[in-house]
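Trainee: Using the hints provided, position chain B relative to the given structure of chain A.
Next come the chains, spelled out residue by residue.
Protein chains: 2
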Amino acid sequence: MIKTEIPTPALLLDLDRFERNIAKMAAHVKAVGKKLRPHSKTHKCPEIARRQIAAGAVGICCAKVGEAEVMAASGIRNILVTTEVVGPEKIGRLMGVLDRAPETMVVVDNAENIRELGQAMTRAGRVANVLVDVDVGGRRTGSEPGEPAVHLGRLVTLETSLNLRGLQGYAGHCAHIEGYANRRKTSHRWMSRLMKTRELFEKNDLPTEIVSGGSSGTFNIDCDLSGLTELQSGSYCVMDLDYRRIGGKGGGDYDDFEMALTVLTTVVSVPTPTMAMVDGGLKAFSTDKPFVPEAVEWPGVEYSWAGDEHGRLMAQEGRLPALGQLMEFFPPHCDPTINLYDRIYAMRGAKVEAIWDIAARGRGQ
Amino acid sequence: MIKTEIPTPALLLDLDRFERNIAKMAAHVKAVGKKLRPHSKTHKCPEIARRQIAAGAVGICCAKVGEAEVMAASGIRNILVTTEVVGPEKIGRLMGVLDRAPETMVVVDNAENIRELGQAMTRAGRVANVLVDVDVGGRRTGSEPGEPAVHLGRLVTLETSLNLRGLQGYAGHCAHIEGYANRRKTSHRWMSRLMKTRELFEKNDLPTEIVSGGSSGTFNIDCDLSGLTELQSGSYCVMDLDYRRIGGKGGGDYDDFEMALTVLTTVVSVPTPTMAMVDGGLKAFSTDKPFVPEAVEWPGVEYSWAGDEHGRLMAQEGRLPALGQLMEFFPPHCDPTINLYDRIYAMRGAKVEAIWDIAARGRGQ
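So the protein sequences, as listed, match chains A and B. For the first sequence, the working numbering gives the first residue as 7, with consecutive numbering after it. For the second sequence, the working numbering gives the first residue as 7, with consecutive numbering after it.
Same shape as in the complex, but just chain A (with noise of 0.2 Å):
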């Protein structure tokens, strides 16, 4: 199968460039003594998990259980849910991950949750792995760092069906942060939260096996924290326009890894000689970020949103694709844009050298 044969609009990994994306930051994670534990929410795909994992990485994150559900089937082992696990229907699927993967981690924030998932371990004769989930400045999930999380600490070891292993703490709201000086900084300013919480956590016998965290945004940048063990990364095997855009190490573009990720579309009209029709509108592009598609080899054609099902592109009377050219687009933000997709055509060049599902596709539950 060739590119022309693919039904647009599509999803298209270069496999060239996600191939060199996975072996760098393997690298990178080996120099600075780190493990790596990339999040599989951002592919949601068990072959790219297989091969993070063949290339060093100790496992992977799941962000539910019914994405852990789905990689645990497909054989993917020392799985971390990253979000908490609440309630007797999620703690009663978690049991079939944990039938196929004994060593999955959940994270826990709160009291009642801890004692709800210890007696369900207990009355299924099993032991959960956990971690405390931190706060660290995200306003999302996470106990407040210190002494509160050393109380959950403390309630996950009397529970006889928990086994505790460490501490998580995810940073979301750092990872975008334009300007490496000030993405470091910042950064660092709310992981020692983390460390802090890490340091008290040993003080009163705590295990802190494992302390995870961090994002593609700040790979190189988490990598100072002597406490943590392992990063949770997600986008960088793939890369977004989002990413692109935060500024790298050396000033210029964030380009420590590359643009893997395109979606590809087909021109269905050009209305006028300065306006033509792409196959690809609000259900092929995610649309959560302040900015729009931008056209591969395409310079001066802008897209623009034109509805659930179509791009605008507007370019120069001459310099607009005609009816029938096939379009590809870097998108905005690669997460919600594969969760759009049922599968991923694997590009060797213009050939399709392989068709992975994307199996894990709106299994958010």
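Check each hint, because a few of them may be wrong.
Capping the alpha-carbon separation at 35 Å, the derived lysine-lysine pairs in DSBU-like fashion look like this [what the hints assert, rightly or not]:
(1) K295(B) x K9(A)
(2) K295(A) x K40(B)
(3) K295(B) x K295(A)
(4) K209(A) x K9(A)
Facing chain A, a subset of chain B residues (Cβ under 8 Å, in silico) [as the list claims (entries may be wrong)]:
(5) K47
(6) G72
(7) A79
(8) S80
(9) G93
(10) I97
(11) M101
(12) R146
(13) S275
(14) R318
(15) A365
(16) G368
(17) Q371
FRET-style restraints, in silico, Cβ to Cβ [said to hold, decoys possible]:
(18) K209(A) x Q322(B): 35 to 41 Å
(19) L164(A) x G258(B): 52 to 58 Å
(20) D259(A) x M281(B): 31 to 37 Å
(21) T10(B) x K255(A): 33 to 39 Å
(22) A360(A) x Q322(B): 50 to 56 Å
(23) D259(A) x W311(B): 22 to 28 Å
(24) Q125(A) x Q322(B): 28 to 34 Å
(25) K36(A) x R129(B): 55 to 61 Å
(26) E153(B) x A360(A): 47 to 53 Å
(27) E153(B) x K255(A): 56 to 62 Å
Note that these hints are calculated values from the structure, not bench results. Computed from a predicted model, the values in this text were never measured in an experiment. Each residue gets a CB set at the ideal place from its N, CA and C atoms; glycine is no exception.
Mentor: Frame of chain A; chain B shown alone:
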């Protein structure tokens, strides 16, 4: 199955409201002497299409061949594909749709595409039913109105394997204009382009048996156009926040149809007495509108985006939902939200009456 057993985030349909919406639109088109060909890009669900047809719709619209493939395979007939079918890959798949549903119609807006389509049909020994697509100011697909559209109509009649049936004009840019009077005035102004083109078609002895257009926002406006034979409204069956705010005929909210669609989430973290996190974020709701999901029956609880998998709820102390609480939200925009889910839970009160496949989800090719 009952509501508390549904894995969250999940898409819920209130059947009582949905059934009233379907019945109300059916009665409306009957009363005004029009036909209804509801747009299935809203719901992508064969079971909903079946119920629309059972209530009197003449068929359905599909945005893309990919959707038509799914609908035709589910036994749905009288499909209009509302986006131009361009290139051998898409035309090849259209042949498969015609195998099951030879009456399927497509739209054209380009001479080259008319030739390509005609030749492909001739080679396949088929006849395709065709509408000329006219731009009524939406700056999307469609020929210029008037003579250019007549020219395309003539080209269609010259193709022995194409059967011209009439016209399509979709004024998507009028659907969400706030205030009924303004929406009415603007819509009539733009749709007059389609009506004048229809008159020109008649003068030139080109068929006008089908003149298709209209949205849920203009369902009680487009019906004034005597030349329009059918409405393409889609969102009316489920509704969303975007439609509710555009204003109704009698002033106040647009309440002609009821809010039947919600996203069910679970509170998975309550980090502070005024902040809670639910398990639905950018992957659980479409984000293409400038406003956010609205909590059903939780006044004073405000949602904000908190990443791919999380939503942040803020409320005064004592007004916040507890850990594990199920929370329903009205989505900002129904079509791309439904497109995130594989199934919809059809609810009768708190009971799950059925689970329907959103079989054309992601089938935008």
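Trainee: May I ask which of the numbered hints given earlier this structure violates, with the numbers listed in increasing order?
Mentor: Hints 2, 4, 7, 8, 10, 11, 15, 21 are the ones this structure does not satisfy, whereas the remaining hints hold.
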